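All chains should be modelled from the sequences, with the hints used to inform the complete structure.
Protein chains: 2
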Amino acid sequence: MSSKALDYENLNENVKKCQYAVRGELYLRASELQKEGKKIIFTNVGNPHALGQKPLTFPRQVIALCQAPFLLDDPNVGLVFPADAIARAKQFLGMTSGGLGAYSDSRGIPGVRKEVAEFIERRDGYPSDPELIFLTDGASKGVMQILNSIIRGPSDGILVPVPQYPLYSASIQLLGGSLVPYYLEETANWGLDINDLRQSVAQARYKGITVRAMVIINPGNPTGQCLSVANLKQIIQFCHQENLVLLGDEVYQQNIYQDERPFISARKVLLDMGLPLSKEVQLVSFHTVSKGYWGECGQRGGYFEMTNIPPKAVEEIYKVASISLSPNVPGQIFMGLMVNPPKPGDISYDQYVRESKGILESLRRRAHMMTDGFNSCRNVVCNFTEGAMYSFPQIRLPPRAIETANKLGKAPDVFYCLRLLEATGISTVPGSGFGQKEGVFHLRTTILPAEEDMPAIMENFKKFNDEFMEKYEDHKGYSRM
Amino acid sequence: MSSKALDYENLNENVKKCQYAVRGELYLRASELQKEGKKIIFTNVGNPHALGQKPLTFPRQVIALCQAPFLLDDPNVGLVFPADAIARAKQFLGMTSGGLGAYSDSRGIPGVRKEVAEFIERRDGYPSDPELIFLTDGASKGVMQILNSIIRGPSDGILVPVPQYPLYSASIQLLGGSLVPYYLEETANWGLDINDLRQSVAQARYKGITVRAMVIINPGNPTGQCLSVANLKQIIQFCHQENLVLLGDEVYQQNIYQDERPFISARKVLLDMGLPLSKEVQLVSFHTVSKGYWGECGQRGGYFEMTNIPPKAVEEIYKVASISLSPNVPGQIFMGLMVNPPKPGDISYDQYVRESKGILESLRRRAHMMTDGFNSCRNVVCNFTEGAMYSFPQIRLPPRAIETANKLGKAPDVFYCLRLLEATGISTVPGSGFGQKEGVFHLRTTILPAEEDMPAIMENFKKFNDEFMEKYEDHKGYSRM
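Taken in sequence, the protein lines are chains C and F. Residues 1 to 481 in the UniProt record's numbering are what the first sequence spells out, letter by letter. Residues 1 to 481 in the UniProt record's numbering are what the second sequence spells out, letter by letter.
In short, the hints are calculated from the structure, not lab data. Please note that the accuracy of each hint is not assured.
If several chains are the same, the list does not tell them apart, and a pair holds so long as it fits within one copy or across any two.
Unchecked claim - Computed list of lysine-lysine pairs in PhoX-like fashion (alpha-carbon distance at most 20 angstroms, straight line):
{"id": "1", "residue 1": "LYS16", "residue 2": "LYS319"}
{"id": "2", "residue 1": "LYS90", "residue 2": "LYS343"}
{"id": "3", "residue 1": "LYS90", "residue 2": "LYS54"}
{"id": "4", "residue 1": "LYS17", "residue 2": "LYS312"}
{"id": "5", "residue 1": "LYS312", "residue 2": "LYS16"}
The structure displayed is predicted, hence computed values, not measured ones.
Below you can see the structure in the form of structure tokens.
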């Protein structure tokens, strides 16, 4: 029988081509080992609750009440839920017609979009229009919607930082566009050089590619750097000159682990720059409930906000959103709660602050523990995680390790990460999944393992790494300490 | 300044081309009127809770507890939740690592996929493999994933019934494929004629299109018919001969309003047919928590099950699913609850049965009220809604109404539906959004308005319709009764 529509040979080529390393070979092998009974530490994906982070109590109380509205009339409800959670649940239910079981408008519940707009205004100091905010099933879905609107074919290019979060490479491949890389400079703390950027665009143009958009990830994933205002200004000016839409992936804006460079949104910097840029540069900014101190990944809540996108284009994006009817409504409620949490004086305020501060401070300590741990290892160097949730150490693999990997038909960093997984149960993602300069190797790990487990994890890592290096190093060229 | 990447002119043409009438012109106008204070009855979309259907109690209790796991240790929890809901919540939480806040595997929680497989086995009498079941954010997202895997370009065709649910036309346009229509015959109760199907494929082939898949919607949307076993056998044989993947949209399988033709899954019919077909015909079946007596649209839960899809293709579909990390976890729990509801002897069983039977019986009565109501109107004929949630009456528009519409630049059925909306607040979808034969006009309405409101709605409809007909009819050619 001839091959069929859903046989591998006949699949959409873009589907076959795309790669998503975060759940690639390493993850699949880790899942196998877990099935076989090995204890696996999944640090391949920023999934805090899977590594033991507790959900914030107040939002879970509110969502539980929204899911069970009949409790609101139960005389005993006050025994298990605080009054402010009950009031907030009533408020949310009043924003819907039909509660959590009804499709909302395809852009999301108007009342929640209004709360998001008010949050953005408080954050940036400029008003925001709820009609230009679309709620999404997590930020990834929003990114894919926008890329789908932009990309018309292989001659449309999207500037993406390298190393990058592979959502971008995978989506661009899936949509049949071209990824135009710009390199972040590891020795300059993963900074971005506008001259390199210019060169990337020139090279792409030479190949017949029209660069149409530029992605920034701030704070960086996997690289953890926080962009400075000066850098953001350069980027915005560059987008203006080159007529690019700026896509601002700002999902880690709550995850900041140093005080020198607080998070500043691309939108604030753009509007601060004034006319003509503030009215001309197109910007789409993305946010999520999956990161921050919330970590509510499984709920799939997110939004994007559009700046300087003309109404006719917004309408088209709305139309496409409407095909999937609506983002999940509980995820929308989480977004409302995230942007409008308990206030001073509310019954749940102290608990909310205590819980979120606890998570954030612990993440900050873990960021240090991890960077210090990696830097204590032989042939490993690592920039400090200024923000986001990842550590991205460079692993200087000895030539013999590279040869061995080549013989096994594996990329050298994949080889290293597989060995690490088998030896320690630590499931990381090889740097090649994010892109790296030729001949340089990394891995990405989250900083999310529980704080009390961190010393043992770093010790196991060091033991594995140093033995690995010992095994593969050419001792003639190195002296052992 | 030259136009920018996210200006209308520069958008992806497939984005601009696609149409989704369910939330199209009529819906937008209805939303405007609602903002202006008019009472709107949204029957444009199968959204039961928005029209007052109450959620089933037990699943909401379970999900509330899963969202608030700290309640499981609360000594007062038994005062507001029954013991079987508490036990079920614990069981679900035990299936996750990290509860509802953690990404699951991109195919969904293994334990829930196992429950789905067991449900399918009970329903069809054949075992089902959880590894071939992927949970999705509602059925629509699953359909789009599968179409995305199949469609390589404009010469790939997908057979779609006309009238059809516009998810199919919109997704095929968005993905750059070709829709190949096959017509359902209104006078034969929306039946399907295999000879017409053959002709559709031949015509497509003549135009250079390779037909690769065939969509069936059973029970039908918008047409409401239930496919007979004989019809399903013909379809499967046809798919075998023509080497097509059969896409079985079976989201309304719980919504059956007659006893002559119960729902039978395409999978059961296929496996009943035995070798070689049972091992050769590729089938993907879709289901959801949004329909049935659940109507949990806002939760966005669904699944697809693959039959005879080779492992390498399944892997590719898994890879693409992994780019969006995971379907929302609460929606997965709803799916687990739907396929494995309370059993006889459970504390909540009686209530669950009472609630679901109440909804289903009321829907059956409403199906009759609506069909009878439409058939009592001048120039309106309507097949009985055997299943699903819609009524799709044919509106025989007088020539002068068609002329007036043409003068206003509106399709005649859009013109009629807009007038209906302005006069009565009833928000329907014109038949042209689903496809209909040239010169024949319909509208789609859900049968979902509350039963007690139904007589008034049908009366308002009749009053509007009969006056409309009166106004536009050429009295020379008609006699008034």
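Results of checking the hints against the structure:
With identical chains, the CA atoms of LYS16 and LYS319 are at most 20 angstroms apart between copies only, with a shortest distance of 9 angstroms across copies and 28 angstroms within one. In this homomeric assembly, LYS90 and LYS343 come within 20 angstroms of each other (Cα to Cα) only inside a single copy, at 17 angstroms, whereas the closest approach across copies is 32 angstroms. For the homomeric pair LYS90 and LYS54, the shortest alpha-carbon distance between copies (16 angstroms) is at most 20 angstroms, but the shortest distance inside one copy (25 angstroms) is not. Taking CA atoms no more than 20 angstroms apart as the test, LYS17 paired with LYS312 passes between copies only; the shortest distance there is 14 angstroms, against 33 angstroms inside one copy.
For the identical chains of this complex, LYS312 and LYS16 are inter-copy neighbours only, at 10 angstroms across copies versus 34 angstroms inside a copy, given an alpha-carbon limit of 20 angstroms.
Of the numbered hints given earlier, the model fails none.
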